[in-house]
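Given next are the chains, with one letter for each unit.
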Amino acid sequence: MLKRMDRNTLVFLAGSVFVILLVQVLISINVLNSFWLTILRIGGVMGIACLGLNLIYGFNGQFSLGQWGFFAIGAYAAADVTYRWVNDHSASGLVILTLGVLLTGLVFVLLGRQLAKIRGLDALSAFSLYLIAVIATGFLSVFLGQFLIAPVTGLINLLPAALGMQVVFFLAIIGAGLLAAEASFLLGLPVLTLGSDYFGIATLAITVIVKVLLDNSDTLFGFVEMKGARGMIGIPKIGSWLWVSIFLLATIVVVRNLLQSSYGRAIVSVREDEIAAKAMGIDVANFKTLSFVLGSLMAGVAGALYAHINGFLHPNTFNFIKSFDILIIVVFGGLGSVTGTVAAAFAWALVLEGFLRLWLPPGFETWRYVVYPLLLLLMMLLRPKGLFGGYELPFLRHSMPALRLKPATAAISNQAEPRPASAEAPSESTPGITLSQEDAQSSSEG
Amino acid sequence: MTMTPDTPMLRTTSTTDGERPVVLEIRGLSKFFGGLKAVSNVDLTLYQGDLVGLIGPNGAGKTTVFNMITGIYVPSEGDILFRGESVVGVTPHQINQMGIARTFQNIRLFPSLTVLDNVRIAYHPHAGYSLSDSIFRNGKYHQKEHELTERAQEFLSVFNLQDRQSEIARNLPYGEQRRLEIARALAAEPSLLLLDEPAAGMNPAESMALMDLIHFIRERFKLSILLIEHQMRVVMGICERITVVDFGEVIARGNPEEIQNNPRVIEAYLGRGAAQVAMRHKRN
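Protein sequences appear in the order of chains C and G.
Numbering-wise, numbering that gives the first Met the number 0 puts 62 at position 63 of the first sequence, and it's gapless, one number per residue.
Numbering-wise, numbering that gives the first Met the number 0 puts 16 at position 17 of the second sequence, and it's gapless, one number per residue.
By construction, these hints were calculated from the structure, which means they are not laboratory data.
It is possible that some hints are incorrect.
Said to hold, decoys possible - On the chain G side, residues computed to face chain C include the following (Cβ under 10 Å):
id	residue
1	Val-73
2	Ser-75
3	Glu-76
4	Asp-78
5	Ile-94
6	Ser-111
7	Arg-119
8	Ala-126
9	Ala-168
10	Asn-170
11	Ala-184
12	Arg-271
In this text, a Cβ means the ideal position worked out from N, Cα and C, and glycines have one as well.
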């Protein structure tokens, strides 16, 4: 495994571990107070969510405003799990979320296989079938979950209390991410058939719907602890810097590995030219769904971390106006730039919540929102292609393999030699294949 | 068929020996956009190894036929059989995987990707590793990705584009973009290639090179080729059989000489008066 890692990978991993630990040490010796610590963690969380959006918008070319809605789903789902663990001493949230997510995933896979056999099934019919399946699975997992709550609670209680808490938290993050991913798969079915701008508006609607549902979470769904529009309190503040940075690092590695594979190239080809991609055998609908679901998974994970940094959730935080923050960061960092996105997320948090609060004279804190738009305007005028333009860290750069001419290949190019590379003007003006006329003729006859 | 083409031996003119298998068979194909008949009742048969031209004035419905063969449009009527299997209602990417590849009238490369990536994308259906292999970067990913890249590079060198592999596709000169598009279409090893006006915008020297290229790939990849083209020099130079459409209907079929002397074709291209002049000229 280690053999395969090149220098860039090792440098990157070592560098990030060093930075993460450095910040952790600074926190431990109280150089970084809780004000800056919160800002750093918010930056990391935004980095995860924005990498997800960049996958959807920057690399797949689907202009989405739904990221914030999936962020909200992740935040509330994870918060509910840990809330119940801390306040009710019960793993009911954990059990039902995990069971529901796993069963739904299974149902999606099985149903997807069946539906793939039907030729020309329209998106809305597929959506209805999936929706019915999800509702049924939901009831089933609540029913089955009842029997598992007591044993699982007992099992986790065997661990030391602090460790048990962290285990619940970790599982809650994963469950929340998967829940957001499954929600995005379901909602993406009808919405992903829309073209660019229409897709943007439809995903904005997703964010609005999620916000309204959260406003009524206590009355409509009976999640009393979420307290609807009054805001959810009592979430344990356990979203530490280590958790945030580990998840951010994992997200960067996953995005990079994906993009440098055949699947990543297929995702990018959809952005480049949908029709050409189809004609090249790329299942465009499939790859739109893939990047939308993966992007939303990241949003869900980010939301889950956010809930445990803040300790308080309010539906107004997930207002659709806020969904533009993510979009701003992604555009700011550069569409299709991983380095830029992460840097811009931290810069955004540091500037908006950090420096501007400190530098502006007392009583002028609200003027942040005058300075911030001006900064945005200047940035967009000065660096329209994003913070770093086309720059990527060596680790994230697409490596271009060197050309190795094998003997067999060399033979072909020898055959194509008659018009040497050093030829004068004609080779420029006739860029056809450099087979000589006779060669082509004889081969077409023979 | 309302418009009966004038040659009696419709489907098996000139070189066809009758033994070669049929690759593509189009029967009574029609496409209506509202009240507009873009294509109406077109029949066309391609045998293994054929190089057939599909010509006609602007707006005659040639590209619509291509779009129906490749699944971008669903035909209003008629059937398209590829090696005996209907492709009507099959999605474009599945049609590509069945073995039909195409190029576009206005070149459609992946403009901001490299030349190598353009070809590697065409290999995606044969990548041979799963999504989780790529995310976890296991040995299978490294091995298959290496093989795929080598294949793509070898393939580029067949088209003499190997020195350009790290260039961004949009920065290539026009002729090379065409060549890359054809290379990309052939990367998935199709058995039928549809070329939509490959010589559009090329100067005479470039079209000569293109004709060489078409002959070359046909031999090398054992292709059947259906070609839409406006430049008569190209069509007459390389096609063995030609089908002429006008206003969505087939008006003539035959080998290049027959087509050149067909009054209905001349009429479609140049107008009735010109056709009469041409006929008179020929009689003298």
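Structure-based check of all given hints:
1. Contact between G/Val-73 and chain C, as hinted, is supported at the beta carbon level, the nearest pair being about 9 Å apart and thus within 10 Å.
2. Checking G/Ser-75 against chain C: minimum C-beta separation of about 15 Å lies over 10 Å; hint violated.
3. A distance limit of 10 Å between C-beta atoms decides the matter here; for G/Glu-76 the minimum to chain C is near 17 Å, and the interface restraint is violated.
4. The interface hint given for G/Asp-78 is broken, as the beta carbon of that residue sits about 15 Å from the closest beta carbon of chain C, more than 10 Å.
5. For G/Ile-94, the interface hint holds, the least distance from its beta-carbon to any beta-carbon of chain C being 9 Å, beneath 10 Å.
6. The beta carbon of G/Ser-111 is positioned within 10 Å of a beta carbon in chain C (closest approach about 6 Å), and the interface hint is therefore held.
7. Among the interface hints, the one on G/Arg-119 holds; its C-beta lies about 6 Å from the nearest C-beta in chain C, closer than the 10 Å criterion.
8. A least Cβ separation of about 4 Å between G/Ala-126 and chain C falls short of the 10 Å threshold, and the interface hint therefore holds.
9. Look at G/Ala-168: its Cβ gets to within about 9 Å of chain C, closer than 10 Å, so that hint holds up.
10. Interface restraint check: G/Asn-170 against chain C, minimum CB-CB distance 13 Å, threshold 10 Å, status violated.
11. Hint status for G/Ala-184: holds, given a least beta-carbon distance of 8 Å to chain C, under 10 Å.
12. A least Cβ separation of about 38 Å between G/Arg-271 and chain C goes past the 10 Å threshold, and the interface hint is therefore violated.
When held up to the earlier numbered hints, the structure conflicts with 2, 3, 4, 10 and 12 and fits the remainder.
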